[in-house]
Each structure stands twice: as C-alpha cells, then as structure tokens.
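Q: With the hints as your guide, set chain P onto chain L.
Which chain is which? The protein sequence lines are L and P, in order. Numbering-wise, the first sequence is residues -1 to 362 according to our numbering. Numbering-wise, the second sequence is residues 54 to 359 according to our numbering.
One or more of the hints may lead you astray.
Unchecked claim - Listed below are the simulated DSS-like cross-link pairs for lysine-lysine, each with C-alpha atoms no more than 27 Å apart in a straight line:
{"no.": "1", "chain 1": "P", "residue 1": "Lys353", "chain 2": "P", "residue 2": "Lys218"}
{"no.": "2", "chain 1": "P", "residue 1": "Lys353", "chain 2": "L", "residue 2": "Lys347"}
{"no.": "3", "chain 1": "P", "residue 1": "Lys170", "chain 2": "P", "residue 2": "Lys191"}
{"no.": "4", "chain 1": "L", "residue 1": "Lys322", "chain 2": "L", "residue 2": "Lys38"}
{"no.": "5", "chain 1": "L", "residue 1": "Lys345", "chain 2": "P", "residue 2": "Lys353"}
{"no.": "6", "chain 1": "P", "residue 1": "Lys353", "chain 2": "L", "residue 2": "Lys242"}
{"no.": "7", "chain 1": "L", "residue 1": "Lys219", "chain 2": "L", "residue 2": "Lys242"}
These are computed hints drawn from the structure, not numbers from a lab.
Read off the chains here:
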Amino acid sequence: MRIELERRPEVSRLFSILSPVIALALTMIFGGIMFLLLGKNPITALHSFFIEPLMEVWSLHELAIKAAPLIMIGVGLSVCYRSNNWNIGAEGQFIAGAIAGSILPVVFHEWHSPLVLPLMLLLGMLGGALFAGIPAFLKAHLNTNEILTSLMLVYVAQLFLDWLVRGYWRNPGGMNFPETRTFDPVAVLPEMIASGRTHWGFGFALIAAVAIWFMMRYTLKGFEITVLGQSERAGRFAGFSTRKMIWFSMLLSGALAGLAGIAEVSGAIQQLRPVISPGYGFTAIIVAFLGRLNPLGIVVAGLVLALTYLGGEAAQLSLGVSDKVTRVFQGLLLFFVLSCDTLIRYKIKLVWSNLTGTATEGAH
Amino acid sequence: MGIFEAILLTVITAATPLVLAAVGELVTERSGVLNLGVEGMMIMGAACAFIATQVTGSPYVGILAGIASGALFSLLFGFLTLTLVANQVATGLALTILGLGVSGMIGEAYVGQSGIKLPQIVFPVLSDIPFLGPLLFKQDLIFYLSIAVVVGVNWFLFRSRAGLKLRSVGDSHASAHALGINVIRMRYLAVMFGGACAGLAGAQLSLVYTPQWVENMSAGRGWIALALVVFASWRPWRVVAGGYLFGAVSISQLHAQAFGIGIPSQFLSALPYLATIAVLILISHNRRTTLINTPASLGKPFVPDR
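Okay, chain L solo, but in the shape it has when bound (with noise of 0.2 Å):
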C-alpha cells in the first residue's frame, strides 16, 4: 500500500475550513493514547487538560492572559510568513521588547506620570520592532537566511536579560535575587474586565488581530503580501519590491511580538526576571499555523493553544502527570496541522496495488 496524492483542480473551502478542526481532535486522539501510556484514564486526563480549565471564572481570565502574547505574536508572524519571511526569532524580539519597555519603570523608577504607561508600551514595540530589523537588515542587504540569523538572537536576547537582571538591572532592596524592582503603580498595564487579572495586552492582541485581517482583506499593502508570497516574480511585474517587503513584515512582527512582552511583564509579572516567557515566541508560530494564518483564526487558536499552557498545570496538579506534556501536545498539534493541511490542496488515495494501478479513494 502506498499513498498518491492528486493535485484538485482548485483549494478545497470546505478542507480549509475543516483542517484545523480535524487536526485538533487527531491531537486528542494521540493524547489520550499518550495518557494511557503514561497509566492514567485518557477520559479523565483529557478532561482535566481541556475541560476542566474552562470552568472557572478566574482560570478563564488566566487564558485570557496566555492568550494574550501568543496572539498578539501570530498575527504579526502569519504576516512575515505569507510573504514568505522566516522570522521565527519572535522569543528573542518578544524579551526585547520587555526590556527596551521595562527602561522606565526599572531605570526611571522616581518619574510618576501618566505618560510612563504608554512611552513603555511604544519602547515595547521599537524594541521588538529593532530586534527584528537585525535580521531584516541581513536577508534585504546582505542576503544572510533570516530563519538561522533570527533564531540565534533568540539566545542573545536571553543571555543579555539574563546578564541584566543579575547586574545593573537587579532590585537593590531584594535580597539578590535576580530579578528587577517591581513596577510602579503607573507603569502597570490595567485590568481589562472587572471579574479578574485579564489586562489590556489582551485587547491590544484583539485589536491588533482585527487590524491586520483589515489590512490584509482590503488594502493593497494585504495584496502585496499575498502576491509576493506566492510568486516573487508576479510581484516584481506588479511593482513589488521583495526587499520593502522583508523590512515590512519583519519590523510588524518584531513590533507586536515587542508589544507582547512589554504587556506581559507590566500586565502580568510586573517586574523583570532571567526568564519571562515560557516559550511564548515558539508557541505562536504554531498559533500562526493553527489559524491558518488567517488574523481572526490566529485568535481561535491562540485561544487554544493557551489552552494547552493551563491544561498542563491543571493535568500536572490533578493527576500527577508532568508539565512537559504540554510541549507535547503543541508540538503534535502542529505536526497534525500540516497534514492536514495536505487536503487542501490534495486528495490523498491509498494505492493498494502499484501494477494494476487501481486506485481507492482514502476516507479523506
């Protein structure tokens, strides 16, 4: 038996549609066979892990937090991705963006005003959004792959908040531990809805998220990405320049995956640590493909995703199962995100015979 793919005469709607779903409950599927492995009722496990998160007012707004960054950094990376950028170093502009935010509230910590908020969340953004011009820099002029150049800062960007708030960056009153003074007051993002801990980072990834599907369904800078993603050359006729373009879509993306870290170190943790993220920067490449990057399905998946963050604590709690089973589970649903995104474009035929060439329609 072999599998033959047959190209269709035009993209399936209705598998386009369907792929992430079918992806989701394949994820399932594996889990559960997972938890068995591990001797726990898959039942119960994958219950605790999906369900049992949802039920409660507070862990709803704990969502809403996760949710927050990995969409806010989707929606900037579906953008690089269709034009066909490989800016996965969004980890690395996520922490500089904390820490290009962080300046005031840690180095200008006697200034008072209700300036501080927005100055930090603009630092935020032109920390990212210079983060990733590095590697933009190096794809547009010097022809240097952007996926290696932006990965490797990544580790930098680590080290040197690892070196900052161990040094010059660390709390004088906090007994040495590595971490910075705690923010003032007005350098703390807002709650969003009065019923818990969401701050406004969240609104910021919808707005952001509803901003960039705008962008892309009715602006010609939407049909530009589009049309130098899928051909650079139909772009070039068209009078697109591939080298704008890289400077675009990185900088957008390093600026909202900026964004997100400066909201979550002044929504969420309120200081700075030697680690600020747990791998928000690589989650949100799989929120990008989850959503089929499309802005309005990065919001679903981020949604999920986020999900998988608070099921692992949960699970870890209730059953005893270890955290790690959460990076499991992302790194399945994206394994099962692009096959199934096979259908799309293919109809997959199981082949059982190779000389009679008779063919038999798969169940897909």
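A: Showing chain P alone in chain L's frame:
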C-alpha cells in the same frame, strides 16, 4: 600533557557533535530537502542514548539508541514533507518543538542521575606519538565515527554512482525523475541519514560531553549545525573546518573563566550564536557564489505526476 593540548582536547569534544549533525544535514540538503528539525532530532538522540545507557548499563547500546531514535524521528519529517508535501520549513520547526517536548517528558525521570561516560578506545603505538597521539588516537568511539562519516560522505557524494544520483535529485528533481530515479525514496534515505547523524551527535552530548541528562541540553547546537552546512557551502571537509572553529568558540567561555578574564559569562555564552551570525553574513553576502553552491531544488516540494 601541556595546557595547549588540554584545550585542543576540549575543542574536539565540543566540535564532534557539530560536525556529525552538520554532515548528516549536508547529505539531506544535497538531496534537496531542508530539514530544520536537527535540534529536535539531536535532543531526541541525547535523551534516548542516555536512557538506554542507564537501563542497560552499556553506553554502546546508548549509541545505537541515539542513532535509531534520530533516524526514526526524522521519518516523521520525511512522511510529512515527502509523502504529504507539507511545508519543509514549518515541518522542521514542528520536529524541533516536538523533539524538545518529548525528550523533556521521557527524560524527566533521569534528571540528576549521573551517567556512564563512553570509554576511550586507545590505539596502541599510535597513541604514543607525541602531541598528536593523545588527540587523535585516544578518543571515544563517537569521535572516530565522526571522522569516518565525513570521509564516507565525501566519498559517497563525489565518487559513487549513488552519490551522483543523490546530488542530481537535489539539483533538479524533475530531471532526476525523468531519468528514472526514485526521487522520493532517495530523499527518504537522505532524511533518515541526516536523522541518524543528528541522533549520534545527541548521543555524544549525553554520553561524552556531559554524561548526564539535562532538559534542552543541545542548547541550539542543531541550529548551529544548520548554519555550518551553509558555511561549508555543502562540502563535507569544510564542515569539519567549520565545526572545529565553532567548537573552539563555544568552549572559549570555559577557558576564559579559568584564566579569570573579567567578561560577564553571559557575553561569552552568546559568542557561538553571534559567531554563527557573523559567519553566515560573510558566506552569503555574495549572492552569486551562494547561488552556485546551493542545491538548486533545496526546499522545493516534489509531487511525481502520474
């Protein structure tokens, strides 16, 4: 043993996993497939090698487990990108994310256990050669394997018929297909070879470099190996040169600390990553030479028309 010799020994230990992973990826890329999952395959190899060694008590079983796990794990990538023609960049990332997750989970019970270091194999007489002897003939099996793999790959790619076919698949899959070469099978084999090498590189990390299991212990070496392939312009011996250069950079941190040089350790730790970027810039700023060296079908999906 002089201090210079001691430093060189640590360089070799640091360089071996880079050389192995890079030369494996080189073969994969020569067949036209870009597998960005080296980091994931490497960490799987490290975890499986360590666990197998702890369970059986034999680091040689560990080596086999490392190779097998890397090759099996790469099959996942092969199935998605070759059979289902999924995007290679995204699938490679998926492999890395999944590998870091799965290795963290299966290795959790082994955190903090002290492992068994792979013993040295001493060549009599040869190891008595002053200076070179201890460096080249008093090493562990994985070091010897790394050299053998480079020699073998170099011979295979440029001196054997199958190697010529593999390169033709990487340069123009349509022409190779028209000539009757089974493009997909060739690529599956190349991907698995890359996986096996990355797995062996991982085994070196958890059996030789630091004989223990630490989560994320590959620390970006898989990505550096990817950069090394570009740096080496897809030629095996240049991978060795690059690997040893990077090995030297990455252990400079330890030696700088030993000599009491007052640079913050974080900056020294960042050196290999910054060096990678610098090297990539140097290599790729000349668009024409890059174009000449890169396998022409690299990263492009192939669906045989029937």
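Q: Each hint should be assessed against the structure and marked as holding or not.
A: Verification of the supplied hints:
1. P/Lys353 to P/Lys218: holds, 17 Å
2. P/Lys353 to L/Lys347: holds, 22 Å
3. P/Lys170 to P/Lys191: holds, 14 Å
4. L/Lys322 to L/Lys38: holds, 15 Å
5. L/Lys345 to P/Lys353: holds, 20 Å
6. P/Lys353 to L/Lys242: holds, 24 Å
7. L/Lys219 to L/Lys242: holds, 11 Å
Of the numbered hints stated above, none is contradicted by the structure.
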